[in-house]
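**Student:** The chain contents come next:
4 protein chains.
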Amino acid sequence: MAMMKTAVFVEPGRIELQDKPIPEIGPDDALLRITTTTICGTDVHILKGEYPVAPGLTIGHEPVGIIEKLGSNVRGYQEGQRVIAGAICPSFTSYACQDGLASQDGGCSCHGYKPMGGWRFGNSIDGTQAEYVLVPDAQANLAPVPDGLTDEQVLMCPDIMSTGFAGAEAANIKIGDIVVIFAQGPIGLCATAGARLRGASTIIAVDGVDARLDIARQMGADVTLNFRNVDAVEEVLRLTGGRGVDASIEALGLQSTFESALRVLKPGGTLSSLGVYSSDLSIPLGAFHAGLGDHKIVTSLCPGGKERMRRLLNVVASGRVDLGPLVTHQYALDDIVDAYELFANQRDGVLKVAIKP
Amino acid sequence: MAMMKTAVFVEPGRIELQDKPIPEIGPDDALLRITTTTICGTDVHILKGEYPVAPGLTIGHEPVGIIEKLGSNVRGYQEGQRVIAGAICPSFTSYACQDGLASQDGGCSCHGYKPMGGWRFGNSIDGTQAEYVLVPDAQANLAPVPDGLTDEQVLMCPDIMSTGFAGAEAANIKIGDIVVIFAQGPIGLCATAGARLRGASTIIAVDGVDARLDIARQMGADVTLNFRNVDAVEEVLRLTGGRGVDASIEALGLQSTFESALRVLKPGGTLSSLGVYSSDLSIPLGAFHAGLGDHKIVTSLCPGGKERMRRLLNVVASGRVDLGPLVTHQYALDDIVDAYELFANQRDGVLKVAIKP
Amino acid sequence: MAMMKTAVFVEPGRIELQDKPIPEIGPDDALLRITTTTICGTDVHILKGEYPVAPGLTIGHEPVGIIEKLGSNVRGYQEGQRVIAGAICPSFTSYACQDGLASQDGGCSCHGYKPMGGWRFGNSIDGTQAEYVLVPDAQANLAPVPDGLTDEQVLMCPDIMSTGFAGAEAANIKIGDIVVIFAQGPIGLCATAGARLRGASTIIAVDGVDARLDIARQMGADVTLNFRNVDAVEEVLRLTGGRGVDASIEALGLQSTFESALRVLKPGGTLSSLGVYSSDLSIPLGAFHAGLGDHKIVTSLCPGGKERMRRLLNVVASGRVDLGPLVTHQYALDDIVDAYELFANQRDGVLKVAIKP
Amino acid sequence: MAMMKTAVFVEPGRIELQDKPIPEIGPDDALLRITTTTICGTDVHILKGEYPVAPGLTIGHEPVGIIEKLGSNVRGYQEGQRVIAGAICPSFTSYACQDGLASQDGGCSCHGYKPMGGWRFGNSIDGTQAEYVLVPDAQANLAPVPDGLTDEQVLMCPDIMSTGFAGAEAANIKIGDIVVIFAQGPIGLCATAGARLRGASTIIAVDGVDARLDIARQMGADVTLNFRNVDAVEEVLRLTGGRGVDASIEALGLQSTFESALRVLKPGGTLSSLGVYSSDLSIPLGAFHAGLGDHKIVTSLCPGGKERMRRLLNVVASGRVDLGPLVTHQYALDDIVDAYELFANQRDGVLKVAIKP
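Residue numbers (our numbering), protein chains in the order written: chain A, 1 to 357; chain B, 1001 to 1357; chain C, 2001 to 2357; chain D, 3001 to 3357.
There could be a bad hint or two in this list.
[Said to hold, decoys possible] Just the calculated beta-carbon pair ranges, DEER-fashion: (1) Gly2242(C) / Gln1018(B): 42 to 50 Å; (2) Gly1056(B) / Gln3018(D): 55 to 63 Å; (3) Asn1172(B) / Lys3356(D): 23 to 31 Å; (4) Ala1054(B) / Asp322(A): 51 to 59 Å.
If you're looking for bench data, these hints aren't it; they were derived computationally from the structure.
By construction, the Cβ of each residue, glycine as well, lies at the ideal position given by its N, Cα and C atoms.
Only chain A is shown next, with the shape it has when bound in the complex:
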């Protein structure tokens, strides 16, 4: 039985390289040989035991790779073809998927929804931090990579880019809008790029690290605010002449950023939340105008599926957005434990790490 190296969650605080058999595929699956993958903030939550997964699971959910084997039912692809698949890779045949909620897919035949159920890689099935990964429902999820694009250029498509853009899309941005994005980690930076792509005319990026704010400008921010130097809420209100912003995007997952995002919002505006929260949230009565402010608070989980991936690949191929600056480090899969150490501690200005099996 052929074996492969994989990064496995063992227990809280411990992810390690283990050998596992290369998966056997069924008729609807594909087997990818991973050429590049990466580590996500969610993986760090898993490492720390904050997001529970089964011990022994291979983690990671951002695949770039080559089709090694194709299931007998999967049509229109070739072995040897370079593809990506979304972090969210449901069947697309379920009630939830047909209801437009593929990310919350409860499975195939019951009427129910399962929160985050569309996310399978490194969550409910073995993930992508490995030499090979099995892609279920391959017909719905494999997206060919256009020639001429590097792995690094498309590495953000499966999750970070799809999520960040979704934050901008859910914010219902209109031409001429003023938008603020709180936190400029990888997802916040993609939300900044997404806000630019949707036509916001004033984009304000907030973070506490100047290097990230520099990249925020490359992604399309007009104004950057380091919250260590200014009161971001006051400054945003000042910049908008007291009007408030049309949309605010939360990209971190803390009460403080959520609350700030609400405090700067015009009545009638949209707070688009992307963060993964770890405790109950409080909505301050005043900022919420007692429930009479015509506010919208929306949350988004990463959209997936091959059509979403195709669109994001087009955005990259057309040069609209260059997320190259987000890939700051590269590690061999053999050194992934070191990569986790660097990434979890946010050392050396790391944004995203390319992992090469």
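Following the hints, position chains B, C and D against chain A.
**Tutor:** Then chains B, C and D, alone, in the frame of chain A:
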């Protein structure tokens, strides 16, 4: 100087009848002789001092009346014509109004928004619990009442019906949706009627008073739940086979109803909030799926303006919705203090009170 | 080899009963034993040779039946279960389906769209006017029928109800809208019911047959116009005080109805077209306001898939809409040639015919 | 009585400079001293007698100027302030305006709509090709120009930019869309810029003049096609791998461009039409897929009002779009007859002409 009787806010706990001069109108105004008005839950908040207004203000914001005088700039109406005007009666010329946010109108020429700024009657200017009321920006706000409709039939249009329907509209209901409405006071009952009007196929109404649940069935509820007898959250989840509802409408303004509305919501669903809250709200992490549930939380303030009123009058005139059962009591303006006492204490099965100057 | 009776297109003008082998199913398929099906206007186009299909094809696309056999990959259903499937039954895994355009599904793995490609029964594969039908991609398409509903009650869901409602949905109806529907055949009647379900407050139904206008009233029309007695365009404009309608729905497929639907439309209104046209259409310059009228013209092909079917079944089960009056005649499958003769010639007040194998 | 020079429509084929009294303003008006205006394609239609206006009318509808006098009711502006006003300048108080259809404003108090009724300058009242112009309903229509912007930079906001962007907005562009724009005159170029601003990832611009295609690239086109060298329909289909475009924008007003825009459209796509047509349009049956292609055909008239202008000014001020290259020529008002001659004949590579009183 001709005088009129008006219900005036004196201090917390005290509203009393006082004489005031009948207002002089300017070129953009109209003077209405009120034939019927009513008391709103918001007026009770004012009475109790929970919502601050200036002492001496005439309160009330739901006018049915006859045009007594028209300003020189106001075209297309006649003195003697029977009209209503929305509780929200902004100019419609401001930035906020042109931005689709008339309820949050910050006034005419600054760029700003003012939370609830579009609400003027009985808030920032003298209101409708009086023999006469001055309607500002009459050109934008007067809506003629079709012949053959009684005052009582159209009395809900200015506020309760517009607000309740807005809750259903903001819930983004689609044909075949399952919708739950928490609380079946006047606004909740109108939200129930609105959900029916938008095509929900299973409507669940929740309240603690059986008489209100009976009316909820008249308004279109398929299932009614008395939370004194059943755990409403459990029962809604049971009724939906664990799927959760497509939309939940909160129509009271308490943490408990807000939270229940979130707990029964499917991932990807919409919580449409109509309540006036009096303290910070808490979003439970679990019900919020850590921010990854593709949830929408939306709040709505009563839409106003003559086009909104025209549409609601059409709904009444066509017989689509009969809100007659909501007007349970009638008082002369002279007895309005008694009417407040009844309404504030929710005695005698009161839902809405018609006040006749 | 077990055989079954099927209605087969032989050549223009000739549909006849033939025996065919009962299909063998693959792992993703289901075999249904048809208990009730019907004839659609499109089938008449096929019969007349106006819509080309391959000679030898079994036609019909509206199945109510019992699961006889389930493919090995299909989960969550049981043999013996009563189900329906939409006339449109694509895989839901393709680019087009994930793009929200399942009806126009170009197939699985190319990027392309195929006009009407999602429609397979009786178009690109054998259809439902038979003792048995093979349902491809059964996981995405089978919808269980709630207990207590008759075949006749759910017979419209797969096509006529889904199409008619889609016409109302695409018309973007808002509460208080005035809507006109041109032609009150089965689809027009369902569009009338759909407009009512979405909150239109004045619904005007136009046809040339009084019996159909009577049923239109049962479906929710407020006003009915027999174009043999009145000039429908003039009368609609008169009824709306010259304002025009908010939305007009075309449900026949002729230049005359299309053009009338445009002539009664307010600037800014939506013309929602459901008809199958057989020649080029002309847009009159004046009615189109030289292209400056902020008009929308939208066309809809029947939405399918199990989630759509589930929603429509809910609408029926809740009693919101009763399409029973549309099933005017019943025939055995053996007599289907007679049924075609009746239906194609619109004799005896026929609306829809239940066919019983 | 103080007099001013104005460009007046005399009869078909003849526009000439005439002296008129400087208008007296009413309480809701403002008087602008025009500093820059321009000639629009619609003005050429007027000149040629193709679009009828009253002889003696001052034409032109794109004002940049200084507030000379303010009506007594107009608040929040100062005399001497530099402002623009939209070509569409309705009251915003009418039913149509409150219904979201300001461009089709039928006036204040009837329920009706009037096609193009929101357009007043140079259509139903004296226009902007003059030393002074009276702005009606000034409260709703005056938008201050941010410091630091030249007249030429904001000259497109009142009409061309608002219209072109509206074409992209109405096309419902999503991130990753492929969009084609037929004709690259000033409006088409703005539609190209608008498509870029909304997130299209492949933008194809079609015209017959290479110089315009060069500017199209500056506005954001990825691919340009000169229809004199290639069959644009075939080439667009080839470029999209037969898939068709997500949206096509028609920006000229001919049967040929309208038809091409339909032929390249994917099933389910949107044809956004901006052209002013001068004859009936034909919809080819095949390109329309017999009415079953889930197509949308939408037309847009220039959005106006001060909020729209504010947003467009923000887009210019932020440097998102630079329409400077569109202003190819400059004339004194005294020479406007020459300017018309140049513009109407499209000589010397003219795109837009700045007119300076």
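**Student:** Each hint: holds or not?
**Tutor:** Verification of the supplied hints:
As the Cβ distance of Gly2242(C) to Gln1018(B) is approximately 46 Å, the hint placing it in 42 to 50 Å holds. For Gly1056(B) and Gln3018(D), the Cβ-Cβ distance of about 58 Å falls inside the hinted range of 55 to 63 Å, so the restraint holds. For the pair Asn1172(B) and Lys3356(D), the beta carbons lie near 50 Å from each other, so the given range of 23 to 31 Å is not met. Between Ala1054(B) and Asp322(A) the CB atoms are about 57 Å apart, so this pair conforms to the stated range of 51 to 59 Å.
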